[in-house]
Amino acid sequence: MTDTSAFPDLFDLGTDIHDTKAPGGPIEQRWDTRKFNARLVNPANRRKLNVIIVGTGLAGAAAAASLGEQGYNVQTFCYQDSPRRAHSIAAQGGINAAKNYRNDGDSIYRLFYDTVKGGDFRARESNTYRLAQVSANIIDQCVAQGVPFAREYGGLLDNRSFGGVQVSRTFYARGQTGQQLLLGAYQALERQVAAGTVKNYDRHEMLDVILVDGKARGIVTRDMVTGAIEAHTADVVVLCTGGYGNVFFLSTNAMGSNVTATWRAHRKGAYFGNPCFTQIHPTCIPVSGDYQSKLTLMSESLRNDGRIWVPKNKADLEKDPREIPEADRDYFLERRYPAFGNLVPRDIASRAAKTACDEGFGVGPGGLGVYLDFADAIERMGRKTVEAKYGNLFDMYARITGEDPYETGMRVYPAVHYVMGGLWVDYDLQTTIPGLYCAGEANFSDQGANRLGASALMQGLADGYFVLPSTLPDYLAAGPFEPIGDDHPAVVEALREVEDRVQTMLSINGTRSVDSIHKELGHIMWEYCGMERTEEGLLKAIGLIRELKNEFWTNVKVTGVNEELNQALERAGRVADFIELGELMCIDALNRAESCGGHFRAESQTEEGEALRHDDEYAYAAAWEFAGDKPVLHKEPLTYEYIEMKARSYK
Amino acid sequence: MKVSLSRTWRVSKGLAYREPVVTLPALKRARRSTVVLKYTMAVSGLIMVGYLLLHMYGNLKVFAGQDGFDEYAHHLRTFGEPMLPHEGLLWIVRVVLLAAVVLHVYSAVRLAVRDRKAAGYKNGTRYHSKQNRRGVQRSYATFTLRWGGLVIALFIVYHLLHLTGNQIHPGGASDSPYERVVNGFEIWWVYLSYVVAMLAVGFHLWHGIWSAFTSLGQNRADTRRGSRLTALAWVLTLVIVVGFLLPPTAIFFFGLGS
Amino acid sequence: MRIFIRAWRQKNAEAEGKMVTYALDGVSEHMSFLEMLDVLNEQLTFEGEDPIAFDSDCREGICGMCGIVINGLAHGPEVTTTCQLHMRSFKDGDHIDIEPWRAKAFPVIKDLVVDRGAFDRIIQAGGYISAPTGSAPEANAAPVAKHDADDAFSAATCIACGACVAACPNGSAMLFTAAKVTHLGLLPQGQPERDSRVINMVAQHDAEGFGGCTNIGECTASCPKGIPLSTIARLNRDLLGALSRGEA
Ligand SMILES: Cc1cc2nc3c(=O)[nH]c(=O)nc-3n(C[C@H](O)[C@H](O)[C@H](O)COP(=O)(O)OP(=O)(O)OC[C@H]3O[C@@H](n4cnc5c(N)ncnc54)[C@H](O)[C@@H]3O)c2cc1C
Ligand code: HEM
Ligand code: HEM
Ligand code: SF4
Ligand code: F3S
Ligand code: FES
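Top line first, the protein sequences correspond to chains S, F and U.
Quick note: the first sequence, position 81, residue 81 per the working numbering, numbers continuous.
Quick note: the second sequence, position 116, residue 116 per the working numbering, numbers continuous.
Quick note: the third sequence, position 185, residue 185 per the working numbering, numbers continuous.
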């Protein structure tokens, strides 16, 4: 590893950071050891301990329900009108678990292995192993709650294979797995609300954390209905606020997904881990015009039977695809990756599609699309079978595009889907701020540089149901901490900061709408920090983002006042944070001059154009400390005791 | 920060409340719920349906001529004697029927008032849009049940005055029920009023019979149309409407009894 | 195309509202309905007017956040969520009326945004299976017949959008309530709490001020997830059984 900053103008290098919580010893026993060594809280004392959980997705709802059951006094927050609408609801494909119900050689160890390898050796072994370990309990828990997973005729649970692995370990509920898992957690949460152990605040957006003596002791929220800016205090704060893919403006994330909660925590001292690791999903419905507000995912499962191609001749681009003869089609995935063909992992498929479009072979509006064709499959299996397998996805495609996918090839294009980066946390999921924890997609912990399909739901629920309820008490055992009144200087100061910020945004009254600035940021990020990154591009992007930041703070137009439901104001706050995050993402991408997982640096590729990792230099997680204008990089070296570091190959 | 709105606005407006204040335990509230009112509607409605079937059967005796009909009417009054007093059965039926009507109307009014409020109707409209006023089938069932029910109520009063009490006697009073019927239905407007009433009954039952069984939990189909109960409702409704209309029609058009 | 939007404008819960007409040019048929409103809002912002507030989050038809009464129909002319409705369902020159869900139990917060907290409280009353974390038996220990699992799933797909309430002439939330009663009542895990669940949920449904169900079926006809009407009969059946057994 180098020991100086590669770009001293842009960032400084700090001391290395280490995860001090993961015990040593055999990997199978680490989680048990940690649980055993964690301090406990006497049941009678739990009611006196206050826990704030921001976010009610899989991670947040599961944690709140479980901690409520244990007897802690929990407050939850979400920006939607109900905890049930957290973005986890949108996940389609499924959730992995090492149950080995298919008797096909799956095991905890194999799930652990696949996850580490899938993450391109940028995830911690201890965390990933724990994830695989508790995965089986997750399924038990969900079934007990009434989650209606798909079943076979015998009445037992069904599985499918997913995301390019060779075993069938994915549990699913038609195309709505995330919805059903979230409803299970949500119902458990509402049960606790009825029992009085949890209080939920809907339509409340967290805008800052409150630190007292360096410890997280509360948050500042804005009531999105009344505009009231309020302080909520507690003994410990947990952020489960999901991913920040919306920094790209267009992504498959929900409109409200944001980085505000974690970014504000970052500004207060929590390190940000691997911000540049973004997952781009190859099969999304392409953009149809500049009014587009979000992108819709077409499930990965379509690649099992659909074939991806572009015309070989540019003259054919405008033609009806059905009229292009076989010989004039380029099935580029099958050509480049004969062994895996259309089933190569997401990052590889995405990049190949981008390459084809960049070379001018893209189809549809703006040349940003490739065909995903079912003509062969329909001929082979018959329309009925295709309908049974993929009917709901085809309907969705037809509804959005107005085209009939049974007749013509679907057009797809890659889109931002998931972020592996997030707040840096230790084995206990504690950030670098004592008393501030972070779970689910919002942290950086388990997926390394790339996430396998059906593993995010697994992580969210593992963190929420099993990890936090075992690790938070260790911290809380030292409490209850001295109560904080509304007049505590730290509270007053945090409230004032938030109020000032809100008023500033309302008072600029410039000429640019919030959305137009967000779109511009998205363009910059997609162009220079998207599927393929170069040093030159990233440097340019950083410059552009800085200009845009200035533009925002001098020329944004936010209508209305604070004391009302004000959606423009909500968005403005989020975009302001995305701009700052975007800059850090570019800096992180610039520092990591290797290609790994979802991060592809054009300078670091093999002769065939495949990603080239540099383990000698970059086998570390990057933990960024906020320090005003110039962030500080702390490296967490990654060592692999169980799995040998190898280059991925899907040829 | 100064905030003018509060999240408890709903109380102030008397519109709704953010968190309803409940005082009774859930079991008690469930016993008084709209669903239980609907059970009452359904059971009382079905009792009335049963009565209508018998009543219709009795009316068809008109075709057995004056003696047959009057004897039947007489028989109804002496049925079960001496175990039951004179008109004993009739009074049992009347009490049950009256109870059914009272419960039916009471529940209907309570539900209708509550439902209108719940839907947020203001000055008779809920949505300002003039398009798709009827939704997919929005107003149909409520219209036939509520307005249809009102028509039936008016009809029953008129009908009792006419044929049971004989207070109104178009075409001439008589001690013979048979003659009362025949005298009445020879007049066009009497005939017409019964036809209109029968249509109201028909609409009420076409939805009502289906709905009653559904209220009692018996529908297992995903849609109204796919339900076997819909077929049952059709058959019963047709039987009742046609069965009732046969005697008056025979009298008016074919001169039965004259 | 050029269209005219007649929108319900209401400043906040306490203010009176009214319908206001706006003209919008350059609408593409590929836009989703909400993207069309985004464009209208950009226009309003530059004209110095307050943009029209409406709820949406996933824009994929799954979170249940969006919901507008379009031309008198909940979620508009197609059976889908508002976010999945596209402008190709409308014509050049159309006048489109947009209003919030209207029901006593769904107070309007602003413009097209309503408060659906009542749904959460109905779930709190009993829409769950008590399965504390960590106490779960092996998942495959209790097989579930496939048709029960499938029916439970169909009922479980409800997204709590509230279109059923907006469409029901009685403002009844029976379809929503019944969907949860059905989902959990069909599974073996859901049996122990089956009676108390239906009793508590119905009691809460009424306490929230929703209307009764006259079995009209407008709700299923408008439900973007096609929750079947039989779920309501099942709720009625379950409540009858539960009350006859008499314990909550
Ligand atoms: C279209 C799509 C399909 C997917 N499919 C799969 C799949 O098949 N399998 C799989 O494993 N993964 C899938 N994923 C990824 C997975 O769904 C997510 O990573 C995961 O659900 C994240 O859960 P979470 O609990 O961390 O956060 P979320 O579910 O995103 O929840 C975030 C919560 O935080 C709250 N919040 C956020 N910011 C604030 C704030 N500032 N103030 C207050 N509250 C806030 C929100 O209200 C919400 O409650 C998919 C993702 C997408 C977008
Ligand atoms: C064309 C249709 C009908 C005819 C010819 C008819 C005829 C009669 C006659 C002759 C009687 C008096 C019987 C007696 O006193 O012995 C009677 C009573 C009655 N009818 Fe009808 N009826 C008709 C429709 C209906 C309908 C539709 C209803 C209800 C909705 C109804 C309700 C009653 C009731 C409640 C009584 C009183 C019974 C009693 O005295 O206990 N009738 N009807
Ligand atoms: C006396 C005048 C009547 C009135 C005012 C009346 C009114 C109503 C109303 C308003 C409903 C709908 C209740 C709801 O779902 O909210 C209803 C339902 C019904 N009515 Fe009547 N009705 C009357 C007479 C009758 C008669 C005479 C019969 C049968 C012969 C009948 C049978 C039914 C049935 C079966 C239902 C369906 C019950 C259910 O949905 O569960 N009604 N009635
Ligand atoms: S039942 Fe249908 S319409 Fe009603 S809330 Fe659920 S999904 Fe929406
Ligand atoms: S429309 Fe309303 S009346 Fe019942 S069947 Fe549906 S809730
Ligand atoms: S915005 Fe999520 S369902 Fe429409």
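Hints are not guaranteed to be accurate.
Unchecked claim - Here are the simulated distance ranges between beta carbons:
{"#": "1", "chain 1": "U", "residue 1": "D148", "chain 2": "F", "residue 2": "L192", "range": "38 to 48 Å"}
{"#": "2", "chain 1": "U", "residue 1": "A142", "chain 2": "S", "residue 2": "F7", "range": "53 to 63 Å"}
{"#": "3", "chain 1": "U", "residue 1": "P137", "chain 2": "S", "residue 2": "D320", "range": "35 to 45 Å"}
{"#": "4", "chain 1": "F", "residue 1": "D222", "chain 2": "S", "residue 2": "E403", "range": "36 to 46 Å"}
{"#": "5", "chain 1": "U", "residue 1": "H95", "chain 2": "S", "residue 2": "Q166", "range": "27 to 37 Å"}
{"#": "6", "chain 1": "U", "residue 1": "A142", "chain 2": "S", "residue 2": "Y640", "range": "47 to 57 Å"}
{"#": "7", "chain 1": "F", "residue 1": "L192", "chain 2": "S", "residue 2": "A388", "range": "55 to 65 Å"}
{"#": "8", "chain 1": "F", "residue 1": "G226", "chain 2": "S", "residue 2": "Y640", "range": "55 to 65 Å"}
{"#": "9", "chain 1": "F", "residue 1": "A153", "chain 2": "U", "residue 2": "F46", "range": "53 to 63 Å"}
{"#": "10", "chain 1": "U", "residue 1": "V20", "chain 2": "S", "residue 2": "P480", "range": "46 to 56 Å"}
{"#": "11", "chain 1": "S", "residue 1": "G105", "chain 2": "U", "residue 2": "A142", "range": "42 to 52 Å"}
Claimed, not checked - 25 Å max Cα-Cα, derived DSS-like pairs, lysine-lysine:
{"#": "12", "chain 1": "S", "residue 1": "K268", "chain 2": "S", "residue 2": "K384"}
{"#": "13", "chain 1": "F", "residue 1": "K122", "chain 2": "U", "residue 2": "K91"}
{"#": "14", "chain 1": "S", "residue 1": "K630", "chain 2": "S", "residue 2": "K549"}
{"#": "15", "chain 1": "U", "residue 1": "K91", "chain 2": "F", "residue 2": "K130"}
{"#": "16", "chain 1": "U", "residue 1": "K91", "chain 2": "S", "residue 2": "K384"}
{"#": "17", "chain 1": "U", "residue 1": "K11", "chain 2": "F", "residue 2": "K117"}
Please keep in mind that the hints were generated in silico from the structure rather than gathered at the bench.
As the structure is a computational prediction, the values presented were derived from the model and not from experiment.
Beta carbons: idealized from backbone N, C-alpha and C, even for Gly.
Going down the list of hints, with the structure as the test:
1. About 54 Å separates the C-beta atoms of D148/U and L192/F, a value inconsistent with the hinted range of 38 to 48 Å.
2. A beta carbon spacing of about 58 Å between A142/U and F7/S agrees with the range 53 to 63 Å that was offered as a hint.
3. As the Cβ distance of P137/U to D320/S is approximately 56 Å, the hint placing it in 35 to 45 Å is violated.
4. Under the hint 36 to 46 Å, the C-beta atoms of D222/F and E403/S, about 30 Å apart, miss the expected range.
5. At about 57 Å, the CB distance of H95/U to Q166/S disagrees with the hint of 27 to 37 Å.
6. Range check, A142/U to Y640/S: about 40 Å between beta-carbon atoms, so the 47 to 57 Å window is missed.
7. Our hint of 55 to 65 Å for L192/F and A388/S holds, since their Cβ atoms are close to 57 Å apart.
8. For G226/F paired with Y640/S, a C-beta distance near 60 Å keeps the hint of 55 to 65 Å intact.
9. A hinted range of 53 to 63 Å for the beta carbons of A153/F and F46/U is consistent with their spacing of about 59 Å.
10. A hinted range of 46 to 56 Å for the beta carbons of V20/U and P480/S is consistent with their spacing of about 53 Å.
11. Taken as a hint, the range 42 to 52 Å is violated for the pair G105/S and A142/U, whose Cβ atoms sit roughly 26 Å apart.
12. For the given pair, K268/S sits about 57 Å from K384/S by alpha-carbon distance, which is inconsistent with the 25 Å threshold.
13. At most 25 Å may separate the alpha-carbon atoms for a hinted pair to count; K122/F and K91/U exceed this at roughly 31 Å.
14. For the hint pairing K630/S with K549/S, the CA-to-CA distance comes to about 15 Å; that is within 25 Å, so the pair holds.
15. Taking the CA atoms of K91/U and K130/F, the gap is near 18 Å; set against the 25 Å cutoff, the hint holds.
16. Taking the CA atoms of K91/U and K384/S, the gap is near 34 Å; set against the 25 Å cutoff, the hint is violated.
17. Our distance criterion of 25 Å between C-alpha atoms is met by K11/U and K117/F, whose separation comes to about 23 Å.
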